[in-house]
Each structure stands twice: as structure tokens, then as C-alpha cells.
Amino acid sequence: MEQVLQNLLHNDILTYVIMAVVPLLWILPYALFAVWLERKVSAHMQDRLGPMRTGGWHGWAQTLADILKLIQKEDIVPSAADKKLHFVAPYLVFIGSYAAFAAIPFSSAYIGSNINIGLFYVIAVSSLVVVGLLMAGWASNNKWSLFGAVRSAAQIVSYEIPTALALLAVVMVAGTLNLQTINQAQTGWFWNWYLFQKFPFIFIAFIIYFVSSLAETNRTPFDIPEAESELVAGYHTEYSGMKFAMFFLAEYANMFAVSAIGSTLFLGGWNSPFGDFLSGPFWGVFWFLSKGMFFVFVQMWLRWTLPRLRVDQLMYVSWKVLTPWAFACILGVGFWLML
Amino acid sequence: MFETDIPKFKTSTGRSLRNEEMIINMGPQHPSTHGVLRLELVVDGEIVIEVIPHIGYLHRCFEKHCEAMTNYQQVIPYCDRMDYVAAMNMEYSYVLGVERLLGIQVPERVEHIRVIMLELQRIASHLIALGTYGLDVGAFTPFLFMFRDRERILDLFETTCGARLLYNYIWVGGVSHDLPPGFIDKAKAFCKYFRPKIKEYNDLLSFNDIFIKRTANVGVLPADVAIAYGSSGPMLRGSGVNWDLRRDDPYSIYNRFQWEVEVGKGEMGTVGDCWDRYMVRMREMEQSANIIEQALEQMPEGDVQAAVPKRIRPNTGDLYVRTESARGEIGFYIVSDGSASPYRVKARSPSFVNLSVLPEICRGAMIADVVAIAGSTDIVLGEVDR
Amino acid sequence: MYPRCRILVDALNVPMREYFRNIYRGIWTVLIGMKVTFMHLFTPAVTIQYPDVKLKLPERARNRLYVNMDDCIGCFQCDMACPVDCFKIETVKSLPTEDLGMTSTGQKKRLWVTQFDIDIAKCCYCGLCVYPCPTECIKMTDVYEFSEFDRHNLIYNYATVTPAEAAEIKARTAEYEKEQAAKKAAAAQAAAAAKAAQPAPAPPSGNPPPSPPAQSPS
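Protein sequence lines, in the order shown, are assigned to chains A, B and C.
Under the numbering used here, think of the first position of the first sequence as 213, with each following residue one higher.
Under the numbering used here, think of the first position of the second sequence as 41, with each following residue one higher.
Under the numbering used here, think of the first position of the third sequence as 2, with each following residue one higher.
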């Protein structure tokens with residue numbers, strides 16, 4: 213896509229600006245859509261209807277109305293709060309989630325930044341979120357927010373490890389950290405996807421990755437940091453108006469980011485599952501987005517099914533279940549590759 | 041956090057470091073305290089060292105109101121509002137007391153209707169208890185499923201007495217309305233509909249590994265402690281004590297029906313943990329469905345207003361009456377001075393007594409566990425504060 | 002030293018077989034739960050979309066009160082039965098010359114009901130006022146959407162006489178009462194005067210004379 217734009221515009225800066233803006237064109241409407249989808253999915257799983265009125269057909273404009281409402285809300289900052297940190301925190305969380313999209317290939321023709329350490333960059337940048345959460349919890353001057361923030365920091369940092377290890381298993385098979393190359397190596401029918409290579413090790417690595425990514429995005433069963441029934445709203449209790457909206461949107465963007473990474477690395481990314489049939493640069497976008505949305509749906513499905521793990525149980529799962537099994541997968545893959 | 045005792049670190053010269061404890065307030069406005077309850081927690085990190093409950097935020101002077109009422113009948117709407125989740129049980133206890141003071145016997149049909157209403161109310165109350173308990177530990181969906189089923193019970197109540205929550209249905213000497221036509225079939229249909237739902241709840245929540253991990257071995261209430269504190273109802277039965285007032289201090293016609301008293305057995309952890317109490321409630325719902333079906337079968341004909349006295353004027357005297365509500369033993373101590381209005385009505389609410397166990401069993405638990413334990417005591421603040 | 006946290010101990014010292022069983026059970030129960038919620042995606046919703054669709058309430062539904070003033074005889078039974086004192090009723094006795102009509106149950110009305118207020122905000126919807134009414138004129142309807150912006154609009158005035166009329170009735174009745182009282186006083190005086198004109202009968206010895214009748218306005 214870079215070439216096409218270059219030829220069309222003959223202007224470097226404009227090309228790169230457009231390239232940078234394209235993910236935003238997907239992410240912002242997606243975030244609005246995902247909130248609506250969550251409400252509809254949760255409603256239908258609970259035998260009710262969800263939004264139905266705003267905008268007519270099944271309340272599709274509900275999130276739009278919510279954002280408009282949040283924008284005009286008074287921004288309340290507790291008087292004893294740390295004003296600077298309180299202000300910066302939501303933006304940090306937002307940035308951490310959105311910056312990850314720079315290195316994710318949306319199709320064979322489009323990738324924001326085709327760097328050779330793409331995967332490494334994505335994992336590193338999405339860890340910025342922890343800093344934002346800690347700042348939010350501390351700056352709110354609220355014991356419950358502090359609890360939420362501290363738990364969240366412990367949780368995200370602990371679950372980075374199984375995530376990275378699981379992804380490492382795939383990197384060993386692929387031989388590169390470049391996300392576009394990893395995608396291209398999975399062309400063909402769906403049995404070429406990494407999910408089915410070196411069975412069952414990559415499969416287990418995928419399960420581990422998916423579970424850890426739930427913890428990364430603070431989704432149930434790992435939503436202790438924002439446990440509604442215990443901590444009111446955890447680290448974002450004291451936020452109102454647009455800043456709250458930022459946290460919200462960042463959470464959904466993060467969900468898609470981890471789903472995107474998962475589908476890129478394990479399920480073939482923008483590749484069609486039918487080989488050459490229905491493939492191409494534009495079909496690539498379709499396949500990529502559908503795979504991402506499928507995992508987003510599974511994340512929502514799990515949220516409305518499972519209760520919440522307690523903090524120490526969460527830690528137990530990370531350190532004593534996921535990490536050892538991730539190591540085992542790496543060992544397995546390693547041996548397989550050597551033989 | 042992975043130590044069994046929080047260590048007091050010492051420097052090489054022998055000076056020990058101070059670990060600061062923190063006082064944190066849960067409530068009175070809190071999504072999980074089931075009403076306006078303030079729990080003052082003294083925590084060291086995540087471990088709770090002490091819990092101090094503060095109540096009284098919902099005190100509405102029930103007992104004083106009773107003295108100001110012009111007759112015994114007017115007290116019944118106030119009784120409803122104490123335990124608003126299981127109003128029939130509350131009304132019934134008081135009415136039983138007044139009937140014993142007057143020495144009147146109600147017709148058979150009234151007894152059957154009352155048992156059906158009481159057991160339906162028990163199911164409805166347990167549905168709330170279990171649904172909100174799921175909500176406390178993070179499972180959102182069972183809450184809505186249980187409320188969907190509770191709606192059916194409330195519809196039955198609404199066709200009978202006109203109200204969904206605060207019924208004023210059980211009167212001294214009878215009930216306010218006879219059963220509407222079609223009630224018996226609808227109630228039977230409900231029981232048939234409800235039993236598979238219990239299996240669904242078990243699939244979704246009760247035997248879910250995460251839920252078991254959250255509730256098994258948490259908040260263990262030993263049987264002797266439960267008895268010492270005066271707990272009753274599922275709190276007591278969850279600790280393994282086989283005591284149910286419907287069988288052990290019988291009232292009404294419960295001794296005619298075949299049903300089991302559910303007791304906690306420590307299947308998933310220790311006897312007396314949160315999971316046991318939860319499961320006792322779940323199984324009690326099934327037993328209540330059994331009782332309802334039997335009562336519907338045996339329903340005789342009759343006039344429900346035959347024994348309602350024109351004027352309620354008991355002889356001077358006092359008595360204490362107790363019945364088994366969804367939460368435990370409801371007791372009323374009624375003192376009559378011979379006039380048409382009660383001299384003193386004291387309500388002994390099960391939630392008040394069950395709540396007093398909380399400081400004992402929360403020690404050493406984590407904050408998340410306090411929420412789980414408070415949820416398993418199934419308190420209704422209207423009852424606690426009266 | 003406070004008691005150790007049992008759960009931590011249990012979570013840590015888990016033997017090998019237990020460990021694998023936990024993992025298996027965890028995954029299996031999660032999948033069962035997921036199946037339940039997935040099946041529910043396809044069950045129809047149990048909710049209706051109020052306010053476009055409204056449920057029809059059952060016949061016995063207890064919501065807003067309604068008083069049919071044509072049948073009200075001003076007996077105060079509902080007021081006495083109410084546990085929260087939400088009634089404010091005032092009646093004035095009608096003159097013998099006035100005809101207030103009959104209730105639909107065949108009773109003759111003898112009292113003007115000049116004020117019949119129900120504070121529906123205080124009403125607890127218990128229905129205790131419905132049973133004692135001798136003419137069955139107070140009922141609980143199925144209206145439940147009656148919120149107001151101003152709290153004072155929740156005091157429902159059911160009396161069919163306007164305040165001006167009420168004042169008039171009271172004035173007329175008060176006047177009539179005064180006339181009656183004056184007539185009675187005049188009649189009593191005349192009787193006393195007639196009694197005094199007659200000679201008092203000679204009392205038998207030993208007995209005290211009968212005392213004259215006490216003059217009391219009736």
C-alpha cells in the first residue's frame with residue numbers, strides 16, 4: 213500500500229501520515245462497535261435484549277450517544293488527588309493500547325510499520341498500560357483505587373511472562389519476529405496455520421496465550437483490578453467524563469490488539485483459510501478483521517460465563533500453571549525442531 | 041504474600057520493621073454489602089485482620105411503630121417491610137404469634153395456602169441470595185437467570201394478592217384473598233419448569249471450578265461457633281448442624297409433608313465454608329418445590345376468611361413465636377395488654393444474629409473473601425436494622 | 002500474630018496428581034459453563050420493551066387508589082384502617098332539609114364530605130383501606146405510572162365539593178346549628194317558666210323536696 217500511495221501522491225510525508233491514520237480509521241469505529249456488541253452479547257446470553265432504542269435498529273447508536281454524553285460531563289477531580297498524574301493516566305493507557313497497532317499487519321498490502329522486531333515492539337508497548345493504571349490508582353487518592361491499581365500492576369506484569377513465552381514458541385517455528393513474514397509463512401489452506409504445526413505444542417501455547425491475554429486486558433475471570441463488586445470500579449473509580457471514556461475505549465482496543473496478535477501468530481492473520489480462494493489484499497483485511505472479532509467475541513463470552521478469580525489464585529494460575537506449561541511447550545517445540 | 045505468616049522483617053542489628061495496617065471502609069454505599077452496611081476492615085495488605093460491622097443505616101423504628109398502631113392488623117404491612125425479600129415469611133411469623141395469643145385455629149385450606157406461599161417465598165428469596173452471591177464473586181449471568189425465574193414466582197403472587205414484593209397477604213386468622221382460578225395449575229407448572237433450572241445453575245455456577253476456588257474453604261464457620269452465636273437457617277445448616285424449625289419445632293402443617301432437611305457436608309472443602317452454605321440454599325429450593333407440589337395435591341376446599349376475627353383483642357399476656365424463614369429463625373415477642381393495639385412487638389431477625397458471626401469468620405481472610413463471606417451470610421439490611 | 006491464611010497454604014502445598022486434576026477440572030467446568038451461555042444466545046428474550054409494550058396487570062393488582070365519591074358516606078373506616086395515616090377526611094352533617102342522595106349500595110348519605118385527601122406519596126399500597134368500606138367505594142386500580150414533578154401534586158383531592166362550596170355548606174350548617182340551639186334554649190326556658198308558675202307540691206315529712214330539673218341546653 214505504501215507503493216500505491218507513493219505513486220499516487222509523490223509526497224513522502226503525506227504518505228506516511230495516511231499510513232499512520234489508517235488503523236485509527238478501524239480502531240475508533242471498532243471501539244464504538246465493540247461496546248455495543250458487548251452489551252448485545254451479554255444481553256442475549258442473559259435472555260434479555262440490550263440496547264434497542266437509540267438509533268432505531270437494535271440501538272446501534274447507543275455507544276455514540278454514550279460518548280456524546282460523556283464528552284459533555286463535568287470532569288471531576290478529587291481535591292486531594294495528584295492533578296498531573298490524574299490527568300496523564302488515561303492518556304497513557306490509551307496510548308499503550310493504540311500504539312500496538314502500528315506493527316500489526318492488516319493485510320498483505322498494509323502494515324503500519326514493517327519492522328523486523330514487530331512482535332517484540334508490540335509486547336513492549338502494550339506494557340505501557342501498567343504505568344497508566346498505577347498512575348490512575350495512585351493519583352485518585354482513594355484507597356480502593358490504590359488497591360485496584362496495585363493488583364492490576366501485579367497481574368499484568370505476571371501475565372506478561374506466559375504471553376511472551378507462548379509467543380516465543382511460535383517465533384521458534386517461524387524463525388523471525390517480523391509479523392508480516394510470520395503471516396506470509398502461513399499462506400495456504402488452514403492446516404498451514406501455526407496452530408496446527410508441531411501439534412500439540414503450539415496448540416497448548418495458543419491456549420496459554422489466550423488465557424494470559426485475558427489477564428493482560430483485565431477481563432473476567434481476571435478482572436480483579438476493576439472488580440465491580442469489590443472495588444466499585446477499581447482504578448477508574450474517580451474518573452468521570454471523557455477520561456473515563458478513554459479508559460473504556462482503551463480496554464476495548466487492547467482486546468482487539470491481543471486478538472489480532474493471536475490471530476496473526478496462530479491463525480494465519482490475513483490469510484484465507486481456503487488457500488487461494490477468497491484471498492487477496494482486500495480479502496486479507498476481511499479475514500484478519502473477522503478472526504480478530506471472533507476472538508473478541510470469545511473474550512466477551514468468557515466474561516459473561518465465569519466468576520472472578522481472587523488475586524492470589526490469579527497469581528497461582530500465572531506462575532504455577534501457565535508459565536511451567538509455556539516452558540514445556542517451548543521445550544517440546546525446540547526438540548521437534550532439532551529432530 | 042506467599043508466606044503463611046506475615047513476617048516481621050528484622051535488620052541485621054535486630055531492629056524489626058513496622059508493617060502498617062490500614063483501615064478501609066466497605067460501605068455503606070457498596071455494590072456488595074447487600075444493603076447499607078458499613079464494614080470497617082483493618083487490613084494488612086490484602087489480609088483482613090479485623091472486621092467491624094456498623095449497622096443502623098436502615099433503622100425505621102418498626103418496633104415503635106407497632107406500639108402506635110390502632111390494631112394488630114395494621115402491623116402486618118410493617119412486618120413486610122422488614123425482610124422485604126422474604127415478606128411472606130416475616131408476616132407469617134407475626135400472624136402465628138397473634139393467632140396463638142388469641143387461641144384461634146385457622147381452616148385447613150388456609151394452612152395449605154400459607155405453606156404454599158411460604159415455600160414459594162423461600163424459593164424466591166434463595167434465588168436472590170444465590171444470584172447476588174454470584175454477582176459478588178463476579179459471575180453476572182446466573183444473577184439474571186435467577187431473576188427471570190423469580191419473576192414467575194412474583195407473577196403468581198401478583199395474581200393472588202395484587203402485590204409483587206410487599207404483600208400484606210397473610211392476615212390474622214386467614215389470608216386476604218383466596219387463590220385465584222388457575223393458580224394451582226400455574227403453580228404446578230412453575231415447579232415443573234423450575235427443577236431443570238436448578239441443574240442449569242449447577243452447571244453454570246455451583247460446580248464451576250473458579251467458583252469453587254472462591255468459596256470452598258473460605259469463611260469456615262465451625263458448628264459450635266455457629267450455635268454459640270445463635271445462627272440459624274442455612275448459616276447453621278451449612279455448618280453441618282441438622283436443625284430446621286419446620287421439623288424440630290413444628291408449626292402449621294409441615295409435619296404432613298415429605299421433605300429432607302439439607303445440611304452442609306463439606307463436599308468441596310471444609311464443612312461450614314461458603315460453598316456449603318450456598319449449596320444448602322440451592323438444595324433447599326428443590327425441597328421447597330417438593331413441599332409445594334405436595335401441598336397443591338392435598339389442597340382442600342374452604343373459606344379462607346372464616347376464622348378472621350372481627351376485632352383482635354388478645355388477653356393480657358406475652359409470647360415468643362419462632363418460624364423458619366429463608367434466612368433463619370424469625371422470632372416475634374408480642375406483649376399484649378388486653379387492648380386492640382399491641383403493647384410491644386419485638387422482632388428477632390435472623391440476619392442480625394447471623395451478621396454477628398462475621399468478625400469471627402473473616403479473620404485471616406482476604407478482602408475478596410470478605411465479600412464472599414458477607415454474601416454467603418445472606419443478610420437483608422431491612423431485617424438487620426428493622 | 003494473627004491466624005495464618007489457610008487458603009494460601011492450601012493453594013501452595015498441592016501434590017502432583019491434585020495439580021493435574023485441578024487443571025483438568027478447571028478447563029472442563031469452564032467449557033460446560035460456556036456451553037450454557039452459548040445455548041442462551043439462541044433462546045428468545047424474556048423481557049418486553051416497556052414503554053412501547055406494557056404488561057396487563059392482573060385483576061387484583063394493588064396500585065393507585067381511586068375513590069368513587071358518589072358512594073362515600075364519610076364513615077372514616079378507611080382512615081382508621083390506614084397504617085400510615087395518609088387520609089385527611091372532613092365531614093359536615095347535612096341539614097334535615099338537604100337530600101344528598103343514595104349510594105349505589107342503597108344507603109342514604111347523611112354527611113357532606115367536604116375534604117377527602119389521600120397523600121399517595123405516603124400510601125404504602127397495603128390495601129387495608131379497601132376492605133372496611135361499607136359501600137366499596139375505595140379501590141386499588143392498576144395505574145402505576147403517576148409520578149409528578151412536584152411532590153404536592155401527589156396529594157389527591159377526591160372531594161366533589163369545591164372549597165367555596167365547602168365553606169358555604171359549613172356556614173349553612175353552623176347557622177342551622179345555632180338556630181336549633183337557640184330554639185332549644187327558648188323551649189327549655191319556657192318549660193322552666195311554666196314549671197315555676199305551678200305551686201310546688203307539699204313534700205311528705207322527712208323527704209327532701211324534689212330538686213327542679215337542671216336547665217341544660219340540648
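Treat the hints with caution; some may be incorrect.
As the list claims (entries may be wrong) - One-sided and incomplete, this derived list gives chain B residues near chain C with beta-carbon spacing under 7 Å: (1) Pro117; (2) Thr199; (3) Leu205; (4) Asn208; (5) Asn242; (6) Asp243.
Stated by the list, open to error - Derived list of chain A stretches under chain C, where covered just means 3 residues or more per stretch with a C-beta under 8 Å from a C-beta of chain C: (7) 255–262; (8) 383–393.
Rather than coming from a laboratory, the hints here were simulated on the basis of the structure.
A virtual CB, placed ideally from N, CA and C, is assigned to each residue, including glycine.
How the hints compare with the structure:
no., hint, verdict
1, Pro117, "4 Å, holds"
2, Thr199, "4 Å, holds"
3, Leu205, "10 Å, violated"
4, Asn208, "4 Å, holds"
5, Asn242, "10 Å, violated"
6, Asp243, "5 Å, holds"
7, 255–262, "holds (count 7)"
8, 383–393, "violated (count 0)"
Taken one by one, the earlier hints fail for this structure at numbers 3, 5, 8, listed in ascending order.
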